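Numbering of the sequence shown is given in my numbering, commencing with residue 12 and proceeding in unit increments.
Don't take each hint at face value.
Computed beta-carbon distance windows for the label pairs [said to hold, decoys possible]:
| no. | residue 1 | residue 2 | range |
| --- | --- | --- | --- |
| 1 | Lys351 | Arg328 | 42 to 52 Å |
| 2 | Pro50 | Trp160 | 19 to 29 Å |
| 3 | Trp188 | Arg286 | 21 to 31 Å |
| 4 | Ile136 | Asn115 | 17 to 27 Å |
Since the hints were derived computationally from the structure, they do not count as laboratory data.
What you are looking at is a predicted structure, and each value in this text was computed from that prediction instead of being measured.
Just so you know, even glycine gets a beta-carbon here, dropped at the ideal spot from N, CA and C.
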Amino acid sequence: MERAFPFSGPLTRNFRHMIPLSKRARRLMPKKALKKEVPVDDRIKYWNLVPGDRVRIKGENKDKIVTILSVDKFKNQLLLKGITRGGADKKDSPAFAARVHYSNVQLHIGKFEFPPKPGSDEPEIRDVFATRLSTSKPFYLREARHWVWHRFAAATSPALPTPEGAQPRKSRIRIKWPKVPTAPKPEASIYDTVAEDALKITWRPFELSQDPHLKLPDPETGLTLQDYYLESFRNPNKFPYDPSVPMEYYLSAELSNPHSRAKKQARWKERIEAREQLKVDTVKAELDNLDGRTRAEARREGLWKFEELAKEEDKARKHERWVQRGGEVSMARNKKRKEKKQARKQTRLREMILSDAKNQVLPESMRSKVNRYA
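Hey, can you work out the whole structure from these sequences and the hints?
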């Protein structure tokens, strides 16, 4: 599953495998997978075995070199290519890639020349594996967004001869990381767009000054281009309309999303700047007209007036939002519904007639009215 093998590339971008699984993740994972989960303290932080490395397995598949497909950092296990479980041995179960603990594999360094065997003149070419690994200090590349360190083979099998002048314990062989495979680019077909056609300019903005039927609005009217375009629909006789004019060019503000992050941030900046300017103007107006007050008193009074104006603006803005989302219409509808309900209740009380029955007493104040209408 995706949570079991989330690390399929040779690059270490984060250390999320060092964080314990949440309760929600544990509920989604099968219980069988949680049984072999390694405690956080026993997990490997910096992995020197990554997908793409070639390793050999200890045990029944000894001396067989295979490639690592994926790394399970939550269980310290490897998924190997070419080693399967099931299938041939068990007919009822399908074959699947085997999981191997990281301690049961040795990293393949490469092929090296060794002295010839007794009775032979040709050097022997043998595969060399790392039995102990060491690393350099890791550092984080901000541009590439992944961690980088060098890995070395501190001990090998078979043992390599120590170079002259080097100490045996400090002689290390640097092991290169596997290359990140790149996806092959498919060949272009008849359904693909040629680069020249994609870069070609096929639409140019239309200018009102170039249209003989449309005239630019006069400065006295104060109509903008977008308002002028809308007026051509409302008053076609006064403002002639040309169907060939691209609508999206003049209605970009109306048709664009007003709730984008950039636009909301721009409106917020405008409100902050307007609020700061209001504060400066209010305090300046009080300082220009002291009326026997000190400058400190005038400043305090100016700040108080600014706070009151800010409260009024917030209140008006809140009311405007309430009206825009339909609060005023909803309140009027509820008020009308309550009035109808109260009118029906008054009508039922006014038209209610009680039938004669026992234990009914007519108050003294009502007897004169009853006798009057009798």
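The hints, checked one at a time:
no.	hint	verdict
1	Lys351 / Arg328: 42 to 52 Å	violated (33 Å)
2	Pro50 / Trp160: 19 to 29 Å	holds (24 Å)
3	Trp188 / Arg286: 21 to 31 Å	violated (55 Å)
4	Ile136 / Asn115: 17 to 27 Å	holds (26 Å)
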